Amino acid sequence: MSFIRLGACAILATGYALALNTVSYVSSSGNDANPCTFAQPCRHFNAAIAATDENGYVHTLTPGDYLGFAVTKSITIDGDFNAANLNISAGLGAATGIKVVLRNMEATSIAMSLIGGHLTLENVTLLSPDVPNYSGLPLDMILQSGSTLQLTDVAIRGPRGGRVSGPGCEAHLNRVSVILTDKSKSGFEVDSCTATIRNSVFRGSAAGLLFAGASGPAFGFVTGSEFTNNAAGLMTKNSAFPSEVRIDSSTFTFNLFGVNEQTPGTVITSRNNNFYRNGADGAPATAASLK
Numbered sequence: 000m001s002f003i004r005l006g007a008c009a010i011l012a013t014g015y016a017l018a019l020n021t022v023s024y025v026s027s028s029g030n031d032a033n034p035c036t037f038a039q040p041c042r043h044f045n046a047a048i049a050a051t052d053e054n055g056y057v058h059t060l061t062p063g064d065y066l067g068f069a070v071t072k073s074i075t076i077d078g079d080f081n082a083a084n085l086n087i088s089a090g091l092g093a094a095t096g097i098k099v100v101l102r103n104m105e106a107t108s109i110a111m112s113l114i115g116g117h118l119t120l121e122n123v124t125l126l127s128p129d130v131p132n133y134s135g136l137p138l139d140m141i142l143q144s145g146s147t148l149q150l151t152d153v154a155i156r157g158p159r160g161g162r163v164s165g166p167g168c169e170a171h172l173n174r175v176s177v178i179l180t181d182k183s184k185s186g187f188e189v190d191s192c193t194a195t196i197r198n199s200v201f202r203g204s205a206a207g208l209l210f211a212g213a214s215g216p217a218f219g220f221v222t223g224s225e226f227t228n229n230a231a232g233l234m235t236k237n238s239a240f241p242s243e244v245r246i247d248s249s250t251f252t253f254n255l256f257g258v259n260e261q262t263p264g265t266v267i268t269s270r271n272n273n274f275y276r277n278g279a280d281g282a283p284a285t286a287a288s289l290k
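Quick note: the sequence shown, position 241, residue 240 per numbering that gives the first Met the number 0, numbers continuous.
Simulated from the structure, these hints should not be mistaken for lab results. Treat the hints loosely; a few may be bogus.
Derived Cβ-Cβ restraints for the label pairs, each shown as a range [claimed, not checked]:
1) Arg270 <-> Asp31: 19 to 29 Å
2) Lys182 <-> Ala38: 45 to 55 Å
3) Asp79 <-> Ser183: 17 to 27 Å
4) Arg270 <-> Pro241: 22 to 32 Å
5) Pro241 <-> Asp31: 48 to 58 Å
6) Ala32 <-> Asn273: 52 to 62 Å
7) Gln261 <-> Thr61: 42 to 52 Å
8) Thr21 <-> Thr151: 22 to 32 Å
9) Gly115 <-> Phe240: 42 to 52 Å
10) Arg174 <-> Asp79: 12 to 22 Å
11) Tyr275 <-> Ser183: 52 to 62 Å
12) Asp31 <-> Arg174: 14 to 24 Å
13) Asn198 <-> Gly167: 51 to 61 Å
Every value quoted in this text rests on a predicted model; they were computed, and no experiment measured them. Glycine included, every Cβ here is placed at the ideal spot set by N, Cα and C.
With these hints in hand, go ahead and build the complete structure from the sequences.
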């Protein structure tokens, strides 16, 4: 499979000129002097985004090398399964009130701060580089003032996992797969947020799913998910603020600890959970309904 290559990208809440298209296009054979239409695509994403109306779409027509881009408005960027090596970053408070959708692409890093904004990832694969002295996360979100994160059909691979932190944010994970190659790293961390996790898989990490309360309480509801071959399948971290997690219809197998509950965290099992061949299953608050 061929991919387009993109440089570092930023999502910034700045002004923009009146856009021309509802849908714009980029191509490796395009020209930024073009109107970014299907017949006359642009060469780079910055030109296509500038030519696109608020809440519009940008599509990629062909594989190729593309420069980085800045998102200045609510927009959907579709890699059309051609996009690879995408990097998106933004400074704290830079992206205010915008709604961004990234779909059908492969990326090495998405790091963003949103205030009152929304980010959706659909059909995205995040590949953490396995190189010496690299400490970045493939997904690192700081969400504030009612910001939300929606992950659907997202895969995280490599030595490092993802993180979403608040305070007061919301995260929704559905069919997310986090499989790491470094068991000393956390798979996915929820810090000071409310998160729902459905039909997801966490394997090969220090804590498959970690809840922490560094700047506020964390709440979680986990259902229909699988935790396998982690040091701890699900863990509440000893933090300044408490975490409360409820698990339902989920499976914990071949973990050193199925559930590692650190004060002031609380893990409450609901029903139909399966704990099998863990070093220790753990002791959630409602231990009678552990299995």
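Hints and how they fare:
no., hint, verdict
1, Arg270 <-> Asp31: 19 to 29 Å, "violated (57 Å)"
2, Lys182 <-> Ala38: 45 to 55 Å, "holds (51 Å)"
3, Asp79 <-> Ser183: 17 to 27 Å, "violated (36 Å)"
4, Arg270 <-> Pro241: 22 to 32 Å, "holds (23 Å)"
5, Pro241 <-> Asp31: 48 to 58 Å, "holds (52 Å)"
6, Ala32 <-> Asn273: 52 to 62 Å, "holds (60 Å)"
7, Gln261 <-> Thr61: 42 to 52 Å, "holds (50 Å)"
8, Thr21 <-> Thr151: 22 to 32 Å, "holds (24 Å)"
9, Gly115 <-> Phe240: 42 to 52 Å, "violated (22 Å)"
10, Arg174 <-> Asp79: 12 to 22 Å, "holds (20 Å)"
11, Tyr275 <-> Ser183: 52 to 62 Å, "violated (24 Å)"
12, Asp31 <-> Arg174: 14 to 24 Å, "violated (37 Å)"
13, Asn198 <-> Gly167: 51 to 61 Å, "violated (25 Å)"
Hint violations for this structure: numbers 1, 3, 9, 11, 12, 13, all remaining hints satisfied.
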